[in-house]
Every structure is written in C-alpha cells, then in structure tokens.
Amino acid sequence: MDIVEVTEGKTRFFVPKQDPHLQFPPGGGPVFYNPRMELNRDSTVLLLSTLRPESYLDAMGASGVRGLRVAREVGIPVTINDHNPKAIDLIRGNVGTLGLNAEVTWGMQTR
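Position in the sequence shown counted from 1, then plus 76, gives you my numbering.
Check the hints yourself; a few may be wrong.
[Stated by the list, open to error] The calculated label-pair distances, taken between Cβ atoms and stated as ranges, are:
| id | residue 1 | residue 2 | range |
| --- | --- | --- | --- |
| 1 | K162 | T126 | 13 to 21 angstroms |
| 2 | L127 | D95 | 17 to 25 angstroms |
| 3 | D78 | L127 | 22 to 30 angstroms |
| 4 | R168 | S131 | 30 to 38 angstroms |
| 5 | S125 | V82 | 35 to 43 angstroms |
| 6 | Q99 | S131 | 18 to 26 angstroms |
| 7 | M77 | G183 | 30 to 38 angstroms |
| 8 | P129 | V80 | 29 to 37 angstroms |
| 9 | P96 | L127 | 35 to 43 angstroms |
| 10 | S131 | G172 | 13 to 21 angstroms |
Just so you know, the hints here were simulated from the structure itself, not pulled from any lab data. Beta carbons are placed, not taken as given, at the ideal position from N, Cα and C, and that holds for glycine.
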C-alpha cells in the first residue's frame, strides 16, 4: 500500500495514497480516509477538549485519523478499532510513530 503524509490540526499521520481519477477517491483505497471530513474531525477535537472525557473510542476507525487526533490534541487515552487488517497495520504504525496513548483493537474483540 502506497502511503502519503498528511497533517490535520496538530497531528501528522500517514494515510493510503488515493487515486484522484476515481469519482469518490476515499472509497477506492485499501483503507478508508476522507479528507473532506477534516472539519468534522476538528469539531470532534474541539468538543472533546471542552468536555474532557476520561477516554475515547473510535469504534470504526478506518484510517484511525479521528482517534489519532483525539489522542494527540486532546491528550486522553484512546481505543481505535477496525475490522480491516490493513487499517489495523496503518493505525498501529501511526500510533507508534506519534508515541500516542492509544490501544488498537481488531474486529469484534472483547475484554
């Protein structure tokens, strides 16, 4: 999987390179990432920065960007989950690179 570095807010991370020739590029990659939703993720970070919950769950993480941003910009423990093994590898790589307080889980795992 070809990846590119992206920055949203105060967080730099890697996502799959998208084919700009597709009608809806986010849906064509091995791991879903929609750059058009950056403002939505900004809103999540702002809300959680105000509410300060004890932790955050990104249950259908895809690229994990929302959870990565919450962990980095809000500074609370995060769990990021997805069912796609490629997404899990990408998320784990980003968590490790950023040194975040985040747990990455696969599929329907329970504790």
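Taking the hints in turn, this is what the structure says about them:
1. A C-beta distance of roughly 34 angstroms is found between K162 and T126, which places it outside the suggested range of 13 to 21 angstroms.
2. For the pair L127 and D95, the beta carbons lie near 37 angstroms from each other, so the given range of 17 to 25 angstroms is not met.
3. Checking the proposed 22 to 30 angstroms range against D78 and L127 shows it is violated: the Cβ atoms sit about 37 angstroms from each other.
4. For R168 and S131, the hinted distance range of 30 to 38 angstroms is not satisfied, since their beta carbons lie about 18 angstroms from each other.
5. Between S125 and V82 the beta carbons are some 21 angstroms apart, a value that contradicts the proposed interval 35 to 43 angstroms.
6. Range check, Q99 to S131: about 37 angstroms between beta-carbon atoms, so the 18 to 26 angstroms window is missed.
7. At about 19 angstroms, the beta-carbon gap between M77 and G183 misses the expected band of 30 to 38 angstroms.
8. The hinted range of 29 to 37 angstroms is satisfied by P129 and V80, whose Cβ atoms lie roughly 31 angstroms apart.
9. The given range of 35 to 43 angstroms is respected by P96 and L127, whose C-beta atoms sit roughly 37 angstroms from each other.
10. Our hint of 13 to 21 angstroms for S131 and G172 holds, since their Cβ atoms are close to 20 angstroms apart.
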